[in-house]
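Undergrad: Given next are the chains, with one letter for each unit.
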Amino acid sequence: MKKLVSIALALILVFALCSIGYADNPVVKIGVFEPQSGDNGAGGKQEVLGMQYANYLTPTVEIDGVEYDVELVYADNASSNDKAPTAAQTLISSGVSVVLGSYGSGVSIAASDTFDAAGVPAIGVTCTNPQVTAGCDVYFRICFLDPFQGTVLANFAKSELGATKAYCLAKQGDDYSGGLCNYFIEAFGADNCVYEQFPDGTSDYSTYITNAQNQGCDVFFSPVSTEAAAQIIAKANTQALGMPILAGDTWDSNVILAAAKGTDLQICVTTFYQEGADAEFDAGIKEWINSDATALANNGGNDELAAVTVMGFDAYYMALEALKAAGSTDPADVLEVLPGVTYEGVTGAIAFDEIGDALRDSAFVKSCNTETGVWDFVSVATVG
Amino acid sequence: MQTVLPYIISGISVGGQYALIAIGYTMVYGILRLINFAHGDVFMVAGLIMVYLAASLPLYVAIPLVILLTVLLGFTIERVAYKPLRTAPRMSVMISAIGVSYLLQNLALYITGGLNKNYPQIPWISDRISILGMETTRVTVITPFLTILLVVLLVLLINHTKIGMAMRAVSLDFEVSQLMGVQINTVISVTFVIGTFLAAVGSILFFTNYPGVVPTSGAMPGLKAFVAAVFGGIGSIPGAVIGAFIIGIAESIIKGLDTILIVNGAITEQIGLATFSDAFTFVLLIIILVFKPTGLFGEKTADKV
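Protein sequences, first through last, are from chains A and B. The C-terminal position of the first sequence is numbered 384 in my numbering, with every residue numbered one higher than the one before it. The C-terminal position of the second sequence is numbered 305 in my numbering, with every residue numbered one higher than the one before it.
Isolated chain A, as found in the complex:
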């Protein structure tokens, strides 16, 4: 009897395997290299949402005349530079044709060697530090870069906010905030900037607020992770900061809106996309987010769109374009054609330069409406 049962179980297992093997379409895998936990977990999840929505709209792709099912393979880099190479290796081992991500420049830089060694192309979605693509042949990206963003922010602080002295706060050892602060300081003038860094695991930001006030600064620049941002906003509010807060693309998130709602702070950010630029797209993705409980939770509990979500959406289609152009699922073939791939996305036209960076010359400036808790459009900024 026992033998009979075990034979039956074995047969069930075999049949189960067969049924997987005889799925109707072949599968092409796209790696999603994003933080799902840690400092940038919230941002990473929002970026993934865009890819999932794109995958929901377009679940298949025709490569060389054959219809393939697209499967998203996830790896959590935990926002940590030392876990990033392992996560990258996981994706490579599972046989992905192309990788999307990551949110956060540090993890992308840390994983670039792993992707390079395996010859798997990676498309950075919102990693803005120049070092992601510099010196790495397989890394491309669809967003603007920090030297550009830093200059835009510095110009905005000077001309629009009338600032003469800036307080810059970055996280120690974080390539994104440190890099962006440096480019901001370069453009703003080093003599007029106070630059400080806080260590990993900091929870008391009140002293940094006091520092900015005591040194007579008139703008507070802190392009840090949204987790730290929520704390900084809370402290800025209770300590009556008294100057505008300025930040980069990471702050374009509903985490910031929730933290700033009901305060009397002025918060401005530069970002990739302004909600309302494509009404049809906005309506579609909001409906999808609201219909899926997990998606809604990952978006922070409401359907306010983050720019990184829209960038994730465009990145997915960029990957599909690359697969179509390559006519193969082999990473090497995708890598070969990727520099020439172009795509007209929701966030604008995307094309790569010779380093693999996107040719983009404009950023949106938005300010936080602390009464209604939404972003107000301010201007489109370019650098002459």
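No wet-lab data here; the hints were simulated from the structure. A hint or two may mislead.
[Unchecked claim] Listed next, the in silico EDC-like pairs over lysine to aspartate or glutamate satisfying Cα-Cα at most 20 Å (straight line):
#	chain 1	residue 1	chain 2	residue 2
1	A	165	B	269
2	A	261	B	127
3	A	324	A	62
Mind docking chain B on chain A? Use the hints.
TA: Relative to chain A, chain B alone:
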């Protein structure tokens, strides 16, 4: 003075929160000779429980419930992870404590999905107030006084009650007090209950001030509180409290040292001292361990042969 004052006030507040955690470390060490590495994570779990309870219950129900559930968690950890190892070598219990710490962190990671959870606003104590010309929250001012009140009560409990006497006896000699009829398991459970109670109170004060809970939220405060306990002399309650206040204030001043010096004209350029605030705490730990291993108020022990 006007420049330095905000740093000192914020430092005293941080110190008070460290103190409430440090007492848990020092009491457990005093009795079990165990460094309870899971203590910082219990503190974090208390924060998470509050986040989830406050979403559905009014605060006057949620706050007592948070304290109750946290105490229950501390009690359960002791019964499940430490009590079966009572006769095992001390190292095994310590490894078990590290295991519990990782278990709690990863459970929190699983439940929250790694996302930052916003701590609920507690009315009145999170209101903005102006004190001596600086803006801060009411909780910043309340924390040190509440801490000192709780410590005084705790010292009274230890010195003037029967269970307090039993605790002192157990901490002096584990086996002899057992022979004298002290219910050792009860005493240890009470120790954990008090320690986690203080951690729960500390967590309410801490997260009201710094409102974001992530699975690793307990790690840094836990580590700092541990340093405070060692600095004050591990096993000594007043020592832990004083150590915590010193570390809190010193850290806060170091973070603002550049600014203080510039405003007072001692230096003209940033020299980046703020970066060393954490380093200071841990260098202090090394110095204390090298030059005065028993800490400020620690008991002198001679090894029994």
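Undergrad: Hint by hint, note whether the structure agrees.
TA: We went through each hint and held it up to the structure:
1. A:165 to B:269: Holds, at about 14 Å.
2. A:261 to B:127: holds (15 Å)
3. A:324 to A:62: Holds, because 7 Å separates the two Cα atoms, which is no more than 20 Å.
Of the numbered hints stated above, none is contradicted by the structure.
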